[in-house]
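S.K.: So the chains spell out like this:
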Amino acid sequence: MTELTTTRANPLIDPGLHVWGWEIPVYLFLGGLVAGMMIISGYFLFSGRWRNTRSACFVLPGLSLVLLSLGMLALFLDLEHKLYVWRLYTTFEPLSPMSWGAWILVLVYPALIANLLLRVPGPLRARVPALGELSDRLVARPELLRWIGAMNMIWGGLLGVYTGVLLSALGARPLWNSALLGPLFLVSGLSAAAALVHLIAPDVGERELLAKADNGFLVAELVFIALFLIGLLSSTEVHIRAAGLLLGGPFAALFWVGVIGAGIVLPLAIQLLAVQHRVAHTPVAPLLVIAGGLALRFVIVQAGQVSHWVRVPGL
Amino acid sequence: MARFGMVIDTRRCVGCMDCVVACKTENEVPEGFNRDWIATEVRGKFPNLAMEIRTERCNHCDNPPCVTCCPTGASHVEDLGKIVLVDHDLCIGCKACLASCPYDARFIHPEGYADKCTFCIHRVKEGKDPACVAVCPTRCMYFGDLDDPHSEVSRLLASRANHALLPEAGTSPRIFYLTS
Amino acid sequence: MTILSRRRFLQIGAGAAGAGAATVWSPGTPAWADFFAPAQPGDRIETVPTYCDLCFWKCGAIATKKNGRLWKIEGNPADPLSRGRLCPRGTGGVGTYYDTDRLRSPLLRRKNRGEDEWVEVTWDEALNFISEKLQKIKLEHGPEALAFFSHGIGGNFLKHTFKAFGTPNLVAPSYAQCRGPRDVGFQLTFGEEVATPERTDIAKARCLVLIGSHLGENMHNSQVQEFAEAIGAGAAVIVVDPRFSVAAGKAKHYLPVKPGTDIALLLAWMNVLVTEGLYDREFVETHGFGFEAFRAAIAAYTPEWAYPITTLEPEAIRETAREMARHRPATLVHPGRHVTWYGDDAQRSRAIALVNALLGNWGREGGFYFPASFALAKYPYPPYPHSERGAVDNPDAKYPFADLGLTNGIRAATLSGQPYPIKGWFVYATNLMQALPNQEETIRAIQALDLMVVVDVVPSEIAGWADVVLPESVYLERYDDFNTEAFREPFVSLRQPVVEPPGDQRPNWWIARELAMKLGLGAYYPWESVEEYLEARLAGTGLTLAEMKQKGVVVGPHRPINVEEGHALAFPTPSGKVEFWSTQLAEKGFDAVPKYTPHAEPPAGYFRLLFGRAPVHTFSRTQTNPLLHEAMPENEVWIHADVARRWGLENGKPVRLVNQDGIASLPVKVKATERIRTDCVYMVHGFGHTAKGMKRTVGKGASDAQLITRYAVDPLMGGTGMNVNFVTFQPVIGAEA
Ligand SMILES: Nc1nc2c(c(=O)[nH]1)N[C@H]1C(S)=C(S)[C@@H](COP(=O)(O)OP(=O)(O)OC[C@H]3O[C@@H](n4cnc5c(=O)[nH]c(N)nc54)[C@H](O)[C@@H]3O)O[C@H]1N2
Ligand SMILES: Nc1nc2c(c(=O)[nH]1)N[C@H]1C(S)=C(S)[C@@H](COP(=O)(O)OP(=O)(O)OC[C@H]3O[C@@H](n4cnc5c(=O)[nH]c(N)nc54)[C@H](O)[C@@H]3O)O[C@H]1N2
Ligand code: SF4
Ligand code: SF4
Ligand code: SF4
Ligand code: SF4
Ligand code: SF4
Ligand SMILES: [Mo]
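Protein chains in written order, with my numbering: chain A, 8 to 322; chain B, 2 to 181; chain C, 3 to 739.
No wet-lab data here; the hints were simulated from the structure. Incorrect hints may have been included.
To be verified - Capping the alpha-carbon separation at 20 Å, the derived lysine to aspartate or glutamate pairs in DMTMM-like fashion look like this:
1. C:161 - C:405
2. B:129 - C:45
3. B:46 - C:315
As the list claims (entries may be wrong) - Computed beta-carbon distance windows for the label pairs:
4. C:734 - A:243: 34 to 42 Å
5. C:383 - B:126: 46 to 54 Å
6. C:49 - B:150: 32 to 40 Å
7. B:46 - C:734: 23 to 31 Å
8. A:123 - C:652: 56 to 64 Å
9. C:288 - B:165: 52 to 60 Å
10. B:64 - A:247: 18 to 26 Å
11. B:112 - C:127: 44 to 52 Å
12. C:652 - A:215: 51 to 59 Å
13. B:165 - C:161: 51 to 59 Å
14. B:156 - C:49: 31 to 39 Å
15. C:644 - B:165: 31 to 39 Å
Built from N, CA and C at the ideal position, the CB exists for glycine as well.
Please put together the full structure from these sequences, using the hints given.
M.R.: This is the structure:
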């Protein structure tokens with residue numbers, strides 16, 4: 008029998024940590040999604056298959072740019088001292104994932120823009136001939152394309168992993184004490200990105216390809232989630248309690264139904280059938296995957312904040 | 002180089018919150034926010050109970066995650082006594098440090114920066130004890146250099162049973178609670 | 003499983019609800035808004051010594067201003083009471099000045115009494131109104147028809163005015179609702195009272211027995227400081243309390259006594275000390291009176307006899323008695339302070355005095371010392387008019403041992419008009435609605451008055467019942483009389499203004515003088531300003547007001563305060579000895595040696611309502627102080643975890659308490675805890691404010707006073723025992739978590 012009382016009642020901290028609302032989960036989700044999109048489109052560039060895979064390569068970079076900027080906006084909105092945001096770039100803090108993230112973005116944008124330059128749309132060419140020429144010069148040099156592709160894959164990979172490491176570096180929240188959060192968020196980003204292409208690609212072959220890839224990613228995601236939970240459950244009592252938040256606690260519903268059920272298993276089933284041509288390709292599965300990816304970020308961020316080293320019953 | 006810490010005698014502490022009120026006036030902490038607070042832990046079944054009352058605050062950890070996670074260097078370890086501080090003008094209010102502290106010792110000041118116990122560095126520089134230590138009517142709080150074996154804090158830790166908070170969190174806290 | 007505090011508990015529920023638990027800062031006036039501006043280098047710092055008024059201990063303090071604005075208040079190192087450290091309330095005194103709920107100008111009642119509707123008037127209008135009414139009362143019923151209620155040193159000047167006016171009816175709740183029975187019990191035994199500050203040498207006690215006295219929650223500064231010292235020095239602490247108090251958490255022996263049965267425990271202790279020959283024979287033989295009769299009287303009260311009454315194991319009673327004997331004479335059975343519990347309180351206090359007598363600790367280190375006070379001349383006023391009729395509160399010495407006025411006696415006389423009518427109440431710094439038992443009686447008495455005046459600093463419950471409310475400047479804005487309370491060393495301390503009042507508030511000395519002038523009592527105010535008065539009182543001490551203003555506290559030469567230091571023992575009782583057998587009591591038909599008589603038990607489904615202190619609040623006077631309010635915004639009702647479970651009461655959720663007479667409290671949060679017996683519940687006194695002008699606190703928590711409709715009057719001295727009420731639980735409909 009233990010009674011624990013505290014006189015502290017600080018906003019955002021008590022009765023339980025709630026420093027991050029919707030902004031950070033959205034930022035992490037969009038970051039992961041963009042990471043996945045960069046890797047996919049980077050892969051097509053790298054493997055030289057970009058000419059005949061229109062949507063992936065033509066649409067993703069532009070879309071990435073927009074989504075990433077939206078993610079950055081969400082992050083910015085979460086800051087309590089917004090006018091000082093530029094301070095992120097007056098220093099590099101090697102031990103701070105957030106600092107890494109800030110600088111990674113500095114690398115990501117050029118890679119995306121380079122990717123974007125490969126195919127300047129007609130009207131723009133007409134207006135700014137210089138762009139057109141630059142674009143043609145790039146396209147004329149395959150090894151450079153391979154480089155741009157590689158850059159997109161590498162920076163994308165870093166970005167994806169970073170979205171997870173950002174949390175796993177915060178040791179005070181047992182739920183996040185897992186090196187697997189990085190890879191998990193990366194594959195989750197990949198699957199969401201694949202789903203997105205699957206959703207928008209007019210080219211059937213590409214849709215097939217991405218659906219297959221997505222199934223792979225979803226399976227991998229399941230494996231990582233399992234390993235992540237096993238890791239916690241085989242650790243200390245606080246970590247077991249943290250895992251309990253997802254398995255049976257206040258976040259169980261969103262986790263089991265939103266993330267695992269509707270976000271992974273169901274779409275996986277549908278897409279398996281789809282690729283075997285037992286059912287038609289519909290937007291349902293990819294939409295579920297994307298929603299599931301968002302749900303995953305929400306569950307991990309919110310449950311993680313509640314998880315605590317101090318013994319708190321019922322949690 | 003000094004390494005400041007606190008030693009608190011839980012046998013004497015009565016949980017009166019004088020340390021809490023004194024911190025608020027001394028440091029002009031806005032209403033609704035606290036840099037220090039009282040935790041009471043009661044174990045057992047009536048009437049066989051054991052109670053520990055603790056005054057808690059930032060532990061000025063030797064291994065402070067709030068500093069390592071800070072993307073701007075606002076959270077830093079001061080040269081003077083290794084006190085962990087926040088530079089208001091560098092802080093963007095990202096709240097990573099709030100999330101990184103296993104003691105929930107930090108909060109966001111209404112002006113937008115992360116705030117917490119400063120070990121009253123402004124007083125320490127004048128050779129005074131922190132406000133909470135100086136006010137305590139039971140004289141159960143001790144402040145001093147943990148690296149100096151002759152300091153009162155070092156002697157107390159050497160001579161009496163004590164514990165820190167959540168050592169398992171790996172932050173190496175520098176506030177210790179005497180239990181007997 | 004684990005139980006969480008009100009605040010942590012919410013964590014399991016909605017996070018959002020938690021934010022509500024934090025009292026988020028909302029600046030009142032602009033002055034407020036920048037009160038918390040961050041400290042600037044090169045600030046202009048000024049310090050002013052004074053003494054605290056957050057309670058009546060009167061600790062020496064030093065207030066610090068930053069750039070002309072009050073910043074902080076610290077203890078005055080020169081002061082023997084605070085020894086440089088204030089209690090949390092004293093530290094929070096800053097908030098008393100910045101309190102946004104303060105009265106700002108005199109108010110005249112607009113509607114019926116108690117409807118709390120007012121018009122602002124000038125001081126001249128207000129005081130003219132009062133003096134006219136007073137003159138009329140004097141004419142029709144004589145000056146005695148005015149009663150003056152006050153608490154604290156701030157009442158001194160008004161008391162002077164009303165003595166000059168000619169009334170002997172001057173009372174304070176600190177007697178019949180507080181320490182009265184204790185001092186009577188000790189008077190009867192040792193011939194001297196315990197007084198304030200208590201003459202207890204806690205610091206040097208090797209064994210300290212606390213019966214109720216919840217030091218650490220009761221924050222009378224010096225007492226708590228010495229308590230910690232004793233603990234630090236390894237004293238054996240014995241705590242007797244139905245609730246696992248903070249002190250119990252420090253105790254070597256914790257005795258969870260059944261409420262209301264302490265006399266049985268005390269008798270059993272005496273029995274063990276005597277039968278086992280553990281008492282101080284030499285002390286008893288040289289200084290004791292009637293010991294043999296006493297021995298016979300307690301012979302039957304064995305621990306086995308006390309067991310079924312107190313529910314305390316006989317072995318625990320014996321063991322603790324032996325522990326006390328082991329350390330005598332440095333064993334102190336603390337006499338307590340707020341002892342008005344069950345109506346037999348003077349006898350219980352006498353029993354405590356007798357246990358101390360058996361331990362031979364009177365005048366000894368670690369026992370009771372002989373306090374010394376700083377000699378200061380009274381101001382040479384003309385003699386006061388003599389009243390033929392005498393005081394009204396205790397007609398023909400109904401309570402033979404009452405040696406101070408009874409608030410409840412005045413109330414009774416006001417209701418009955420006997421022995422003569424009371425037509426005016428002048429109330430200074432006492433919230434009679436929260437301080438007196440049975441609010442309904444108080445209200446009926448007030449309704450029977452021709453004049454009701456309240457001097458307060460906030461629109462309190464009692465102010466709500468006044469015809470005229472006079473806003474006083476708080477202690478930080480005024481001079482008061484010198485404090486020369488007798489203590490370990492003689493000292494004199496000064497209260498002086500630190501800051502200007504924010505509105506049209508005036509100090510009590512000014513109010514008292516102006517009123518006297520209007521009443522044609524100018525002869526009693528030879529001085530113009532209070533500085534003149536204070537300077538005059540210092541005459542012959544070699545001190546000047548200028549010096550006092552600069553030092554705040556001056557300590558006189560140390561005099562012997564105990565036998566060890568060479569103070570002689572003397573017992574100003576009828577027998578000149580320590581009265582183990584009290585002929586005084588016998589003559590008046592009371593038990594010459596205390597007896598245990600059972601008290602009514604709570605009916606099925608009811609629990610005895612107990613109450614006490616929280617370290618950060620003083621009675622009902624600090625709840626609007628922003629700093630102290632934040633530290634504790636509301637009280638909780640302590641209920642044993644098993645009882646709470648049985649009643650389906652959830653920790654942190656609100657419940658209403660309903661007493662034996664059907665009076666229901668405001669909703670109050672449940673503290674389901676192991677820290678209390680299953681036959682009682684506990685509350686911190688002073689919450690549950692209903693005065694709408696106390697915006698910061700109104701409606702928060704519940705009021706024990708409201709539920710104390712019954713009280714047991716002490717036949718010896720008229721004190722009102724208030725632990726005799728029982729409550730049950732009523733769910734709150736649509737409970738907000
Ligand atoms: N912070 C703070 N400190 C204060 C005050 C304040 O307002 N605030 N007020 C001051 C004043 S004026 C006074 S008089 C004192 C009052 O403080 P005390 O003299 O200590 O008052 P008590 O009524 O003895 O304390 C209440 C305690 O008695 C226990 N109790 C209740 N019934 C019984 C019983 O039947 N038997 C036993 N053994 N214990 C019982 C309660 O559980 C509680 O722990 O505090 C002083 N100090
Ligand atoms: N139910 C219940 N009744 C009790 C007690 C209890 O614990 N429970 N305790 C008893 C005890 S021990 C005591 S000593 C008494 C205390 O009884 P009181 O002394 O009456 O205590 P308060 O209720 O704080 O009332 C103090 C009033 O003075 C006002 N005040 C504060 N500062 C100033 C000032 O500077 N000037 C003026 N003019 N007014 C000011 C406050 O606003 C408040 O209205 O209560 C007794 N009655
Ligand atoms: S002031 Fe001292 S006794 Fe009071 S709570 Fe703080 S540490 Fe404990
Ligand atoms: S207690 Fe928290 S805030 Fe303070 S140093 Fe340690 S981790 Fe940082
Ligand atoms: S909130 Fe401020 S101090 Fe904390 S990590 Fe972010 S920038 Fe650093
Ligand atoms: S050391 Fe200073 S800042 Fe820290 S809690 Fe104590 S008073 Fe507050
Ligand atoms: S005990 Fe506390 S409130 Fe009372 S006078 Fe001393 S410091 Fe002020
Ligand atoms: Mo009292």
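S.K.: Tell me if the beta carbons of residue 123 of chain A and residue 652 of chain C are separated by a distance inside 56 to 64 Å.
M.R.: holds (58 Å)
S.K.: Holds or violated: 34 to 42 Å for the Cβ distance of residue 734 of chain C and residue 243 of chain A?
M.R.: At roughly 40 Å between Cβ atoms, residue 243 of chain A and residue 734 of chain C fall inside 34 to 42 Å, so the hint holds.
S.K.: May I ask you to test the hint 51 to 59 Å on the CB atoms belonging to residue 165 of chain B and residue 161 of chain C?
M.R.: The hinted range 51 to 59 Å holds for residue 165 of chain B and residue 161 of chain C, with Cβ atoms some 55 Å apart.
S.K.: Going straight from one Cα to the other, do residue 46 of chain B and residue 315 of chain C come out at no more than 20 Å?
M.R.: Roughly 17 Å separates the two Cα atoms, so the pair holds.
S.K.: Do the beta carbons of residue 112 of chain B and residue 127 of chain C sit within 44 to 52 Å of each other?
M.R.: holds (46 Å)
S.K.: Just to be sure I understand the hint, the distance between the Cβ atoms of residue 156 of chain B and residue 49 of chain C should be within 31 to 39 Å; is that true here?
M.R.: Because 33 Å falls inside the window, the suggested range holds.
S.K.: Does residue 45 of chain C sit within 20 Å of residue 129 of chain B, going by the straight-line distance between their CA atoms?
M.R.: holds (18 Å)
S.K.: Would you say the C-beta atoms of residue 644 of chain C and residue 165 of chain B sit inside 31 to 39 Å of each other?
M.R.: Because 34 Å falls inside the window, the suggested range holds.
S.K.: Between the beta carbons of residue 383 of chain C and residue 126 of chain B, is the distance compatible with 46 to 54 Å?
M.R.: Cβ of residue 383 of chain C to Cβ of residue 126 of chain B: about 53 Å, so the range 46 to 54 Å holds.
S.K.: Keeping to a limit of 20 Å between CA atoms, is the pair of residue 161 of chain C and residue 405 of chain C held or broken?
M.R.: Measuring from Cα to Cα gives roughly 17 Å; hence the hint holds.
S.K.: CB of residue 46 of chain B to CB of residue 734 of chain C, is that within 23 to 31 Å?
M.R.: holds (29 Å)
S.K.: Given the range 51 to 59 Å, decide if the beta-carbon distance of residue 652 of chain C to residue 215 of chain A lies inside it.
M.R.: At roughly 57 Å between Cβ atoms, residue 215 of chain A and residue 652 of chain C fall inside 51 to 59 Å, so the hint holds.
Hint violations for this structure: none, all hints satisfied.
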